[in-house]
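Enquirer: Going line by line, the protein sequences match chains X and Y.
The numbering of the first sequence is the numbering used here, which starts it at 1 and goes up by one.
The numbering of the second sequence is the numbering used here, which starts it at 1 and goes up by one.
Be careful, since some hints might not be right.
Restricting the straight-line Cα-Cα distance to at most 30 Å, the calculated cross-link-like pairs of lysine-lysine (DSS-like) are [what the hints assert, rightly or not]:
1) 83(Y) with 83(X)
2) 19(X) with 48(X)
3) 42(X) with 57(Y)
4) 42(X) with 24(Y)
5) 24(X) with 57(X)
6) 48(X) with 48(Y)
7) 57(Y) with 42(Y)
8) 83(Y) with 48(X)
9) 24(X) with 42(X)
In case anyone wonders, no lab produced these hints; they're calculated from the structure.
Protein chains: 2
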Amino acid sequence: MASSSSSSSYSNPPCAACKFLRRKCLSGCIFAPYFPPEEPTKFANVHKIFGASNVSKLLNEILPQQREDAVNSLAYEAEARLKDPVYGCVGAISVLQRQVLQLQKELDATNADLMRYTNNEMGAYNPRRVGYGSGVGSYNPNPGYYSYGENPGHGNN
Amino acid sequence: MASSSSSSSYSNPPCAACKFLRRKCLSGCIFAPYFPPEEPTKFANVHKIFGASNVSKLLNEILPQQREDAVNSLAYEAEARLKDPVYGCVGAISVLQRQVLQLQKELDATNADLMRYTNNEMGAYNPRRVGYGSGVGSYNPNPGYYSYGENPGHGNN
Chain X
1 MASSSSSSSY
11 SNPPCAACKF
21 LRRKCLSGCI
31 FAPYFPPEEP
41 TKFANVHKIF
51 GASNVSKLLN
61 EILPQQREDA
71 VNSLAYEAEA
81 RLKDPVYGCV
91 GAISVLQRQV
101 LQLQKELDAT
111 NADLMRYTNN
121 EMGAYNPRRV
131 GYGSGVGSYN
141 PNPGYYSYGE
151 NPGHGNN
Chain Y
1 MASSSSSSSY
11 SNPPCAACKF
21 LRRKCLSGCI
31 FAPYFPPEEP
41 TKFANVHKIF
51 GASNVSKLLN
61 EILPQQREDA
71 VNSLAYEAEA
81 RLKDPVYGCV
91 GAISVLQRQV
101 LQLQKELDAT
111 NADLMRYTNN
121 EMGAYNPRRV
131 GYGSGVGSYN
141 PNPGYYSYGE
151 NPGHGNN
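If we strip away everything but chain X, and leave its shape as in the complex, we get (with noise of 0.2 Å):
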């Protein structure tokens, strides 16, 4: 049964993207699913980052079953930028590469350590996870993709 509303041709309440555009929600909008009355700001952000024209673009350009997953991408994405203007979800790359450089250091400190100790002090002992110099424990701190240029200077002025 319809809702008691009498304005327009829709049965349920606007989506939010519908109701931030002032226009009718019809059956088949592209933001509905994803953008419900309940979440407001979800829409609102990405609107304010990417533009709705946008957005709804990239969702006709992807499959249905990837369109959550893309919203959810970009509201990130959006809120990241409207809490950081500057370095936006790339700021958080920064940090992250930073991360995983130290950590990669402080692993390779400790199986030198490990490898030295068991070496002078022990001779036989080998111990199951000591990867020192390739092998286990090696990552790739920089896999091309994510690099954020040589000096993202985020953090460093």
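Following the hints, position chain Y against chain X.
Expert: This is chain Y only, laid out in the frame that chain X set:
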């Protein structure tokens, strides 16, 4: 001295943004310092993902000395979104978060090996770097702000 161009009131070649948008690149153009004509793709990407109007608004809201960093981070985000329309650079954040967790686990295990070994076998030996459990070597791989959901799902299907 002005160039030999006779077409309009600007003396320099238009920036990549104005060229793309087919408008005059006037003195004081907000885009010109960050979108040189030699890098047309940089603007095209940013425009496709964020829209020129949103980028212009954002640049006007931040300090001039922060604008270059802002444009570079926007260009990075835009390129990541074009490469991966579903996750964009949030995919990189998920990967890096998993790397941090994995490295932390590896470091804890190596420290535990070292600690157990030195306690059981050698008694008094206390290597400088061992900080198992807390203190040195203790990282927080999920510092809240960078947390992308509890189950990012990226790459898990």
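Enquirer: Hint numbers the structure violates, sorted upward?
Expert: 4
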